[in-house]
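Participant: Sequence:
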Amino acid sequence: MAVKSGGDDQDSNVLLRRAIQNAKAVQMPKDKIQNAIKKGMDRDTSEYEDIVYEGMAPHGIAVVVETATDNPQRTVANVRSYFRKKGGSLGTQGMHDFIFDRKGVFYIKKEDIKDLEETEFELIDYGLESIEEVNEEDTDFYKIYVKFEDFGKMQDSLEELGYKIEKTDLDRIPTHTKELSDDEVDEVLALIDLIEQDDDVNN
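Counting in UniProt numbering, the sequence shown runs from 1 upward without gaps.
With a straight-line Cα cutoff of 20 Å, these simulated PhoX-like cross-link-like pairs (lysine-lysine) come out:
id	residue 1	residue 2
1	Lys178	Lys86
2	Lys147	Lys103
3	Lys143	Lys153
4	Lys153	Lys164
5	Lys109	Lys143
6	Lys114	Lys143
7	Lys103	Lys143
Read the hints as simulated data drawn from the structure, not as lab findings.
Make the full structure from the sequences, and use the hints.
Facilitator: Shown next, in the form of structure tokens:
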């Protein structure tokens with residue numbers, strides 16, 4: 001889908017760059033990666049376009065839906081129906097600009113960074129905004145955050161400096177959060193699960 005929506009140039013297609021990095025992280029052979037890219041480009045990609053939909057889930061939770069579609073009318077109708085079915089509403093593009101900051105995220109194993117202060121100093125010139133320590137799937141990571149537009153620059157820099165990137169993400173970080181009950185969380189997740197089942201939805 002990353003190739004389908006943005007072309008096969010890693011420098012201009014951040015989604016493709018992220019997909020390739022994550023494939024490398026799980027040791028996918030290079031020929032399989034190239035075949036997947038070629039397969040994507042062999043399809044008719046000229047009619048695909050990236051469209052972002054913004055809406056509200058139940059209980060006032062903001063939701064951003066990233067899609068790549070060859071039929072915008074179909075996609076918007078489907079997305080609107082998902083929101084309605086689960087008690088939310090589809091809004092207008094740009095309504096959540098003030099709610100989220102878009103960031104590139106890189107995961108490095110904690111054990112691979114011997115001196116955190118030195119690493120921060122090395123990466124500041126390449127767009128480093130912050131580093132957060134997390135534990136996911138029983139593994140300790142440092143999450144490195146950069147502005148969305150600095151994703152490629154930071155990836156190149158980490159590789160040149162010898163850091164092993166375990167995985168990457170393109171996140172929208174909320175500027176504020178809201179506490180929900182367990183039942184309310186379940187209602188929001190039900191909407192997200194339904195949206196993610198749509199083939200046109202990237203994220």
